[in-house]
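The whole structure should be built from the sequences, with the hints applied where relevant.
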Amino acid sequence: MLHARHVSFAYRAGGPRVIDDVSVAIAPGELVGVLGPNGSGKTTLLKMLSGTLTPSAGTIQFDRRPLSGWKRRELARRIALVPQDTYAPFDFTVLDIVLMGRYPHLGTFALEGPADLLIARQALASTGMSSFEDRSFATLSGGEKQRVVIASALAQRPELLLLDEPTASLDLGNQLDVQLLLAGLNRDGGVTMVLSTHDLNLAAALCRHLILLGHGRVVAQGPTEDVLTPDTVRALYGVEADIHRHPIAGHLTVTPLARVP
Amino acid sequence: MTRTLLLILLMVPNVAAPAPRPERIVSLVPAATEMIYAMGEGARVAAVSTYDHFPADVARLPKVGGLLDPSVERILAIKPDLVVVYTTQKDLIERLDRAGIPYFTYEHRALADIMTTMRAIGTRIGSAARADAAASEMERSLADIRAKTAGLPHPATLLVFERDPASLRNVYASGGYGFLHDMLEIAGGRNVFADVKQQAVQASTEMLLTSKPDVIVELLYGESLKNADIPRTLRAWDALASVPAVRAHRVSALTGDEFVVPGPRVVDATRRLARAIHPDVFK
Amino acid sequence: MPLIRKRLIVTLTGFGLLLLAALVTGPLVGSTHISLARVFDRSLPFADNTDAQIFFIARLPRVLAAALVGAALAAAGVVFQALLRNPLATPDTLGVSSGAALGAMLAITFHVDVALGGIPSIPLASFAGSIGAFGIVYALASARRRGLSTILLLLAGVTMTAFFQALILFTQYLADFTDTFRTVRWLMGTLDVGSYAPILAALPFVLVAFAMLATLPRALDLISLGTDAAAARGVNVVVAERLALASASLATGAAVSLAGPVGFIGLVVPHLVRLVVGSDHRLVLPASALFGAAFLIGCDAVARTVWSAGELPVGIVTALIGGPFFLWLLVRK
Numbered sequence: 001m002l003h004a005r006h007v008s009f010a011y012r013a014g015g016p017r018v019i020d021d022v023s024v025a026i027a028p029g030e031l032v033g034v035l036g037p038n039g040s041g042k043t044t045l046l047k048m049l050s051g052t053l054t055p056s057a058g059t060i061q062f063d064r065r066p067l068s069g070w071k072r073r074e075l076a077r078r079i080a081l082v083p084q085d086t087y088a089p090f091d092f093t094v095l096d097i098v099l100m101g102r103y104p105h106l107g108t109f110a111l112e113g114p115a116d117l118l119i120a121r122q123a124l125a126s127t128g129m130s131s132f133e134d135r136s137f138a139t140l141s142g143g144e145k146q147r148v149v150i151a152s153a154l155a156q157r158p159e160l161l162l163l164d165e166p167t168a169s170l171d172l173g174n175q176l177d178v179q180l181l182l183a184g185l186n187r188d189g190g191v192t193m194v195l196s197t198h199d200l201n202l203a204a205a206l207c208r209h210l211i212l213l214g215h216g217r218v219v220a221q222g223p224t225e226d227v228l229t230p231d232t233v234r235a236l237y238g239v240e241a242d243i244h245r246h247p248i249a250g251h252l253t254v255t256p257l258a259r260v261p
Numbered sequence: 262m263t264r265t266l267l268l269i270l271l272m273v274p275n276v277a278a279p280a281p282r283p284e285r286i287v288s289l290v291p292a293a294t295e296m297i298y299a300m301g302e303g304a305r306v307a308a309v310s311t312y313d314h315f316p317a318d319v320a321r322l323p324k325v326g327g328l329l330d331p332s333v334e335r336i337l338a339i340k341p342d343l344v345v346v347y348t349t350q351k352d353l354i355e356r357l358d359r360a361g362i363p364y365f366t367y368e369h370r371a372l373a374d375i376m377t378t379m380r381a382i383g384t385r386i387g388s389a390a391r392a393d394a395a396a397s398e399m400e401r402s403l404a405d406i407r408a409k410t411a412g413l414p415h416p417a418t419l420l421v422f423e424r425d426p427a428s429l430r431n432v433y434a435s436g437g438y439g440f441l442h443d444m445l446e447i448a449g450g451r452n453v454f455a456d457v458k459q460q461a462v463q464a465s466t467e468m469l470l471t472s473k474p475d476v477i478v479e480l481l482y483g484e485s486l487k488n489a490d491i492p493r494t495l496r497a498w499d500a501l502a503s504v505p506a507v508r509a510h511r512v513s514a515l516t517g518d519e520f521v522v523p524g525p526r527v528v529d530a531t532r533r534l535a536r537a538i539h540p541d542v543f544k
Numbered sequence: 545m546p547l548i549r550k551r552l553i554v555t556l557t558g559f560g561l562l563l564l565a566a567l568v569t570g571p572l573v574g575s576t577h578i579s580l581a582r583v584f585d586r587s588l589p590f591a592d593n594t595d596a597q598i599f600f601i602a603r604l605p606r607v608l609a610a611a612l613v614g615a616a617l618a619a620a621g622v623v624f625q626a627l628l629r630n631p632l633a634t635p636d637t638l639g640v641s642s643g644a645a646l647g648a649m650l651a652i653t654f655h656v657d658v659a660l661g662g663i664p665s666i667p668l669a670s671f672a673g674s675i676g677a678f679g680i681v682y683a684l685a686s687a688r689r690r691g692l693s694t695i696l697l698l699l700a701g702v703t704m705t706a707f708f709q710a711l712i713l714f715t716q717y718l719a720d721f722t723d724t725f726r727t728v729r730w731l732m733g734t735l736d737v738g739s740y741a742p743i744l745a746a747l748p749f750v751l752v753a754f755a756m757l758a759t760l761p762r763a764l765d766l767i768s769l770g771t772d773a774a775a776a777r778g779v780n781v782v783v784a785e786r787l788a789l790a791s792a793s794l795a796t797g798a799a800v801s802l803a804g805p806v807g808f809i810g811l812v813v814p815h816l817v818r819l820v821v822g823s824d825h826r827l828v829l830p831a832s833a834l835f836g837a838a839f840l841i842g843c844d845a846v847a848r849t850v851w852s853a854g855e856l857p858v859g860i861v862t863a864l865i866g867g868p869f870f871l872w873l874l875v876r877k
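Chains as they are written, first to last, in the numbering used here: chain A, 1 to 261; chain B, 262 to 544; chain C, 545 to 877.
Please note that a few of the clues may not be correct.
[Claimed, not checked] Here are some, though not all, of the chain C residues that point toward chain B, as calculated from beta-carbon distances under 8 Å:
1) HIS577
2) ILE598
3) GLY661
4) PRO664
5) SER665
6) PHE707
7) ASP736
[As the list claims (entries may be wrong)] The calculated label-pair distances, taken between Cβ atoms and stated as ranges, are:
8) C:LEU696 / A:VAL239: 36 to 44 Å
9) A:ASP226 / C:ARG876: 51 to 59 Å
10) B:ARG321 / C:TYR717: 50 to 58 Å
11) C:ALA706 / B:GLU398: 54 to 62 Å
12) C:LEU696 / B:ILE491: 31 to 39 Å
I should point out that these hints are in silico values taken from the structure, not numbers from a laboratory.
Don't be surprised by glycine CBs; every beta carbon is placed ideally from N, CA and C.
Below is the structure:
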């Protein structure tokens, strides 16, 4: 579905590369996690995959067409991006925010109709935020905001959902909510997902495939069990960790033990 | 004894012991400069303000700044024994006090005060007789003009001294106070804004229309006079085609800074104003 | 909540009627009493009909100028607030107003008297100043090839404003007494245009600005939530931001050239409108233009009737209303 081949990115020509010769492939239906320490280029990679940043080198193809060949709105109807934080400087309601997700499907002067309203409400329902429809977005808690923003992305009816640190500022309960939400959307809704996170346990719990980034390079990528090993964790984070499958949860868990000198 | 009494009567605030006959006078007030020259004592003027342009002699005198920006340094360098200042130049006065330099304070008021001030300056610089003669001559000339216009009908007149170039925005006209208004009355005009108790009136378009002047006189002077195409300037009034003065083609301009310097040339200015309002009487 | 289409119709109709009412009653208000019957009395020749003269030469141009300036400044305010993602942004924030003020100041101080195409020097210089300021801010903020950086934009704007203000002070210092007085008066803003020519001169620029703005409202909604998210949704952020900056600057420049810097319209009107219609820019932008026009017509009516010995500059009226309004907003929060 989405292929990145030898992509690099630098903010200035000849400047330091934030992403260096990265090649990834996302197949339909996958739930992929992009892992790495701060500054490893996760957000940059995600932005390039969504088409908002142009690589300095290499190509990215969606549906076998290079991203540059897609019209913006056309691409936005297939790929949606959920940014890490959303700050609303104006007093938008929750429904206002979600309806903005319909933009790629409407023309410049087109107004949302009953069909769009229905889709927006469905998106809100799937994130459990229906009762918040008329609330002011700015008054919501971090977790509630995040779920609204995800609903807004879902209103785009994308095939591919890119999420940048979706649980970074959430507490345990909200984290679990979002985790289950995303798992459900992928499993039942067939939405392909790529999410970036620095939370190893979230990645292990949620994602079946992982891409490990270190200093803008791919350190390892593939099925979670193959990629998430004490060696890779040591190489990436400088931490000695214990990794084993949790007896009840059923997925890998990562427990840091010591700093590696 | 008489001299002391005279000084007290003049009510001129002056702290330092005044020189009876100052020989190095610095004048920051163009009107005062002209008065001093009119009473024949121009030789005693050592420096003038940056805004002094009359008489021609002042061109070669050193300049010491003006109302807002007097240069104390330059004034002191002249070593004056009398400085003519505006009453509002409080900082300068304070410094002159500290330096022990005598000063004469001038205040800009109505037409009649011009002659009073002239006599006061004359007394102050020890030239009372000549000052009195010059002032009396002015009074006679003005009375002359007034007599000539007394029997004539006084048309409603708008006297404009400021506006935006090439448009009728921000028009400033003479109100019912001040020497422009006094000049206008003597010259035989009836100020349309006579009942506004201010020296300057900012006239909006509506005010211009409701005041219905029969004669409009515009004063042009200073910077705005350079490169001025007077017919083109006056054409701006055509925008108010319904005003009586515009309809009757009685819009004229008078140029020269004697209209804004309330000094001896006010007589000439009044005469020119009278000619603009009553062209058939004043040739 | 009803759909956007219905809300748009209701909003535009409501504010449109308000503006219509203001346009109709505006010219009737004034320090001189005039009668509408006499104004339209054809039997009286125009030259003799004082009521008609006052209506058509003194008042109607003012009302139309107020409508144009109010609409332009309010719309510009909405756009600047969206562009800078800050509801406290105004048309003055990015230096356009200061550029216009400097232009006018220079024309007044140096007694420039060149009229181009019938437009006198002060409005001309003012407009040139505003475009100059816009150009500099735009160039500075576009240094990065990927569109306008908001931070750079703000920094450039604030810096230009400070720089221009310094130049304005310097010019005032150089000016003589009467010129300083005139520049201070110009800074207070006045709608007494006295004829239709200045309005017709400013109109094309405002119309062009509005045409540029017409495609932006939804994009502004999305951009205000973040440029990455907006870009990912299909908004051409670079083009939208440049268009927003250019159109809002053009509208501001034309308005300030016509009436001087009338403050608070760009700040108060969008806020008031948002209280009524919500934050969707497709509603806020047109409603602000309509309400801005009506609001300024009202302020101008106050400006010319509250003072018996003349008129208050309209900028003072808007400031006297705007200031307390802002205090109230702050207290509310």
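Hints, verified against the model:
no. : hint                            : verdict
1   : HIS577                          : 10 Å, violated
2   : ILE598                          : 5 Å, holds
3   : GLY661                          : 12 Å, violated
4   : PRO664                          : 4 Å, holds
5   : SER665                          : 6 Å, holds
6   : PHE707                          : 24 Å, violated
7   : ASP736                          : 5 Å, holds
8   : C:LEU696 / A:VAL239: 36 to 44 Å : 39 Å, holds
9   : A:ASP226 / C:ARG876: 51 to 59 Å : 58 Å, holds
10  : B:ARG321 / C:TYR717: 50 to 58 Å : 28 Å, violated
11  : C:ALA706 / B:GLU398: 54 to 62 Å : 57 Å, holds
12  : C:LEU696 / B:ILE491: 31 to 39 Å : 50 Å, violated
Hint check: violations occur at hints 1, 3, 6, 10, 12; the rest are consistent with the structure.
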